[in-house]
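> With the hints as extra help, turn the sequences into a complete structure.
Chains as they are written, first to last, in numbering that gives the first Met the number 0: chain A, 0 to 144; chain B, 0 to 505.
None of these hints come from the bench; they were simulated from the model. This one's a predicted model, so the numbers in the text were calculated from it and none came from an experiment. Worth double-checking, as some hints may not be accurate.
Only pairs whose alpha carbons sit at most 25 Å apart, straight line, appear in this in silico SDA-like list of lysine to any residue [what the hints assert, rightly or not]: (1) A:Lys29 <-> B:Thr61; (2) A:Lys36 <-> B:Asp39; (3) A:Lys36 <-> B:Leu58; (4) A:Lys32 <-> B:Pro37; (5) A:Lys36 <-> B:Asp36; (6) A:Lys29 <-> B:Val42; (7) B:Lys300 <-> B:Gly274.
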Amino acid sequence: MKRIYAREEYCLGCRLCEINCLVKRSKSRKIIKAFRKERDSIVPGIQVEEGERVSFALQCRHCVDAPCIEACITGAMHRDSESGAIVCDEERCVGCWSCIMVCPAGAVRRGRERRVASKCDLCMGESTPVCVEGCPNEALIYEDR
Amino acid sequence: MRKWLVQPDFVVERDPERCIQCQVCVRQCANDVHSYDPEDELVSSDSATCVGCHRCATLCPTGAISIREAELEFHPNANWTAWTIRNIYKQAESGGVLLTGMGNDRPYVNYWDRMVLNASQVTNPSIDPLREPMELVTYLGRKPDQIEFDRSNGGYSVKTELATQLELQIPVMFSAMSYGSISLNASVALARAAAEAGTFANSGEGGLHRDIYPYSKNMIVQVASGRFGVDVEYLNRAAAVEIKIGQGAKPGIGGHLPAQKVDRAVSETRMIPEGTDALSPAPHHDIYSIEDLRQLIFAIKEVTHYEKPVSVKISAVHNVAAIASGCVRAGADIVAMDGLLGGTGAAPTMIRNNVGIPIAVALAAVDSRLREEGIRNRASLVVAGGFRSSADIVKAIALGADAVYIGTGALVAMGCHLCQKCYTGKCNWGIATQDPYLTKRLNPDVATRRLGNLLRGWALEIKEMLGGMGINAIESLRGNREHLRGVGLSESELEVLGIKPAGVGA
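Printed below as a string of structure tokens:
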């Protein structure tokens, strides 16, 4: 399946991926409104990790053998049969955070608006995830490896 | 805070209605213009160090940043302009030489803007390049005085031994820009783009980094006064060798890559100790005459088994025609000339702005002189220094050039915004810097694609212009000054350029 891969050698650490993700997840989908009104309630599904002079954007790896699915006590965390992406069914999630405990990449985070797990869903419905589309240096690529 | 007389060049304005405090600008500015105060949860800007490179404004996701020239007006004075006054303030403060980067920014006459091209109407048909073949292939190198054929065995075969030629799919090459003055990512992108487009990039005097070896068949390597990175392998790896005598931005003076920029990779490539200044002397210490130049040309030819064309690059100066003639007689297969608008990574401002002559007049003078002397065929002419568009290139070829070097244009294609601060090593676009935090901003895949697109776009435009003139091969335009007319030029300028004024027919 297609996944998002980071090329840390070209990551600027500008965090535009986080910003684009946040806008995509907002209700208004308008950047200024999203930041003014919804910033505190949205958790971007991507996060730039930085240390010294290295930076790269990290998001769910959509593992073949996914510990979060194994650990989920309600079956909310599941693999989308069509895209292969791992997604959380917010209706079933009870916010026990088992997925956060087991995720080897630290890519699952707590939702702010609701007490549910929040993670990258590969922008279901978009041909290219918005973080990849908006990266100014093509440091994120979306491909089948 | 200490006050000094030099006021900021630019004012950075942030539209509070649009700013979302995302801090992209803070993370992108190497000059620390933008900062975030976590206490106030507010991004603010200090214009004092802004160089006007537009990095922040380009990456701002909401378009909240605008940058304009500082409007601190001095009392109007045609001679003592704000620029001259500020320069004096700077020097009174520093006691040093004014430094700058990129090409001459003074409003000299740009001769390409004073020449117009011809087109076919009624009595001769124009050609549609989308329907008919159009040839841009250019060969650089020594052409024989005459060609002898062997007509035995009933057929024809060429008896004359032809000198090695560089084959260019488009008469545009990338100018000499050394690894050291520009980042490795930028160097690799130029080499790759040249290889993909079927043309050549020039290593500059910084040696050839290992990562460029795969593209070395499309590289011209330089032998400059500092002899950095020069050995037998370096010379033989490339397609051609260029002896750099001068550079348009700084004729008559040498170069200085500061020790801070000479990191391990640069030191290995230049073959000098790490952390030492890379000093290029003003003259080659072994060249004080045309005869000396001939010795070096033939030393290089010996080493490269007479398989590589040897180019000599000179700055366009007053006596350029005689100098170029000497270079050709010394054995140069290509003479490259860099004019008044030629770029640089670092040069004294006064030298850059005031020394040398415009490339158009130099080209016309040299082409005419070599023709008069009957030696034009012995060397190809490559011109450089301020070529901004395909039209400039077509005009140069009509004026007598074989091909054109572009440096600034190529950098702009990669993202350069001509802020002229290359010499600070803090290029926010990741081009003219060795800072690993900044160099990674230039993804060579992206830069290669952009360079390739530029060459492709220019090739299409050149073909359109040729077709309009009813010409189907660039060879037929070369030195064909009948296709040029001057607009707003004095009689003496027209005479030097060897063209007629607009309105005068064939």
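> Run the structure past the numbered hints and jot down the numbers of the failing ones, going up.
7
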